[in-house]
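Protein chains in written order, with numbering that gives the first Met the number 0: chain P, 0 to 267; chain B, 0 to 267; chain W, 0 to 267.
Hints listed in this document are in silico derivations from the structure and should not be mistaken for laboratory results. Some hints here could point you the wrong way.
It does not matter which identical chain is meant; a pair holds if it fits inside one copy or across any two.
Said to hold, decoys possible - Calculated cross-link-like contacts (lysine to any residue; reagent style SDA-like; alpha-carbon spacing at most 20 Å): (1) 186 <-> 100; (2) 43 <-> 64; (3) 43 <-> 173; (4) 230 <-> 210; (5) 150 <-> 263; (6) 164 <-> 126; (7) 110 <-> 228; (8) 43 <-> 96; (9) 43 <-> 9; (10) 230 <-> 248; (11) 110 <-> 8; (12) 150 <-> 251; (13) 230 <-> 64.
Nothing here was measured: the structure is a model prediction, and the numbers come from that model.
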Amino acid sequence: MALLLQNMRDTNPLIHNITNVVVTNFTANGLLALGASPVMAYAKEEVADMARIAGALVLNIGTLNEELVESMIVAGLSANEHGVPVLLDPVGAGATPFRTASALRILDRVKVDIVRGNAAEVAQIIGEDMQIKGVDAGETGDLNISQLAVKAAHQLNTIVAITGKEDVITDGRIGWIIENGHSLLTKVTGAGCLLTSVLGAFTAVENDRLTAGMAALAVYGVAAEMAAERKGTEGPGSFQIELLNMLFAITPDDVRQYGRVRPLDRIF
Amino acid sequence: MALLLQNMRDTNPLIHNITNVVVTNFTANGLLALGASPVMAYAKEEVADMARIAGALVLNIGTLNEELVESMIVAGLSANEHGVPVLLDPVGAGATPFRTASALRILDRVKVDIVRGNAAEVAQIIGEDMQIKGVDAGETGDLNISQLAVKAAHQLNTIVAITGKEDVITDGRIGWIIENGHSLLTKVTGAGCLLTSVLGAFTAVENDRLTAGMAALAVYGVAAEMAAERKGTEGPGSFQIELLNMLFAITPDDVRQYGRVRPLDRIF
Amino acid sequence: MALLLQNMRDTNPLIHNITNVVVTNFTANGLLALGASPVMAYAKEEVADMARIAGALVLNIGTLNEELVESMIVAGLSANEHGVPVLLDPVGAGATPFRTASALRILDRVKVDIVRGNAAEVAQIIGEDMQIKGVDAGETGDLNISQLAVKAAHQLNTIVAITGKEDVITDGRIGWIIENGHSLLTKVTGAGCLLTSVLGAFTAVENDRLTAGMAALAVYGVAAEMAAERKGTEGPGSFQIELLNMLFAITPDDVRQYGRVRPLDRIF
């Protein structure tokens, strides 16, 4: 992970985000702080060109509309053609039929390398019955989070990251559980969306996408813990600012010292 | 108010915002800090579904266009049909004919429960002659703020909240003046927009909408005062962060201790 | 400059921004902190009305699409007709053919008073061969920054400001180099976009647009230095908040004491 974080800061990979209007600023600032170079580009006239030159493409359906979904597909196909990793954040899948259908339509048309969501969103995409409220996570049904991630990875034929109290990332065969993070992340809008873009940034500097994803989850979780422990962090306002500070300041040594990653037991 | 604030944090009501591109992030973070669960959803394909399951629907015309106004009407009609309270923030009404006409069109088509604006915006909507500059408040004409609010409530047949140095909320018959707040609120973009969403959040936990609105104004005003008094708050940057911290930290006791609410004298 | 900053705070000029979805909030808060009155209005139905009553119009193509470019042209023509200064920020010009073409289309249709960009963006617009990556600055080719600015000012027949380690502003004949600023500006998304809007705000209070632009660059650069030196500013999160605080707090005396402005040597 030392290598990946250093590579990020040395090469400043361009991360092309097609994301929602709520989190654009926070996502861009988080990527900049970490060392990546964010770009937001949404118009059908330019997304293929931008995705082609990017180190990763991140698609986020948080405030989707028909036109934006079409842009995502155009960008995704360009990324696929040029070997650029594609990530999908299915924000609020299940909250409305339109969101679920749009997420599935993207997954059908574009080869997605990593899907990141909370348990409820991932469950909705693979047709598991779970209640969700708005864009927030609900309770899992009969499967635990690891089982859900493995099942989704198989069904979607992609790497799946489910984040929550603990984070899981798996290709359906092997995977990791990351124990880092902090509850204040749930009180900052776009904390999950930024994380998906951070996953994208790590895939831009490491071809093994499962390893890249694990590193991203560990770096982000440790940075969140460091932010929460900062003097003066007494609420979600300060926390979001300190999270940006810590994404900027975090060192490979911090991740080695505080990262808590364990392998996922095989389930299926 | 103790009850309402606790209910908010216990039930995390889903607040559906169709708002402007300037304030989405701050609105979402403010609602999250307070204990509500924000969602932004704009597409005609999904707004009826989202409004139906929400605890309140907040419409804000800050960066409106034709398509967005249509989405607001679709969402509003769905909210009306399912008994979900609807709030309208007529940002910049009067600044251009398009804004005024759009606000009136929404009010004509949708049953709005609370309109919140500054004095100039409310005056423009009911055809009172007041000068306004951009989206900022101007001077009132012949009516004082309380009279303007009562007149608007009668004419629009809705609860009206006018915010400024003092806040007024009335159904045209009874009402309240809330003396809390801080001048730094005028230096943070979206402070008014977030307040409208906070009003929405309180209507989601209290059926008496005038009481809900009064509680929201008091909580927000006290939180603003607490934020301004925090060590290190020396300008609008720190203030906006501390406001999020204080919306998260504020207790019923704070509101009881610092809230300054007096009844509105009957005028008409 | 004392006069201009004071005028800004006394008159709160309305600045009409048609800008990208990443920076709207930060731009509005920066302008408010400085003393200007920001408005964002994008719809073709209202941009001519809004631009007409504004003190300046700022066009930013950071997340452009066909419709938005048309709105920019409508607004720009209205501004031209009513003597309102127009500023253009060609974000990411060169990154995709669509961006470059859109910037040129605006420049062709609208009389632009000041173009502000990084070296790569300005070079792309005038057909100088420079590599750029995404929306970030690349290296200059054979021309140094001052030469590039002078050449662009001649070719585009407008004032050109190129910002980077040092900032240059010139009408192609005379000009200034501003040595203020801080490297953390490159780690805050929209720091350049906000600066373009600040340039706009100063043109609203000073008819000599080169002087207005020089004052804006000095004020912004000094505010950035003050923000970086604040206790507790340890990363880009805190820095962006302190920059807002300092735009609010900065006095004419600060600019006189810390501003480092030297005249541009004539080149052509």
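Hint check results:
1. 186 <-> 100: Classified as neither; 28 Å inside a copy, 37 Å across copies.
2. 43 <-> 64: Close inside one copy (13 Å) and across copies (8 Å); limit 20 Å.
3. 43 <-> 173: neither (37 Å within a copy, 41 Å between copies)
4. 230 <-> 210: neither (32 Å within a copy, 38 Å between copies)
5. 150 <-> 263: within (13 Å within a copy, 60 Å between copies)
6. 164 <-> 126: neither (23 Å within a copy, 52 Å between copies)
7. 110 <-> 228: neither (39 Å within a copy, 47 Å between copies)
8. 43 <-> 96: between (24 Å within a copy, 12 Å between copies)
9. 43 <-> 9: Neither. Shortest intra-copy (31 Å) and inter-copy (43 Å) distances fail the 20 Å Cα cut-off.
10. 230 <-> 248: Both: 15 Å inside a copy, 16 Å across copies.
11. 110 <-> 8: neither (28 Å within a copy, 40 Å between copies)
12. 150 <-> 251: Neither way: residue 150 and residue 251 sit 32 Å apart in one copy and 45 Å across, limit 20 Å.
13. 230 <-> 64: Intra 41 Å, inter 43 Å, cutoff 20 Å: neither.
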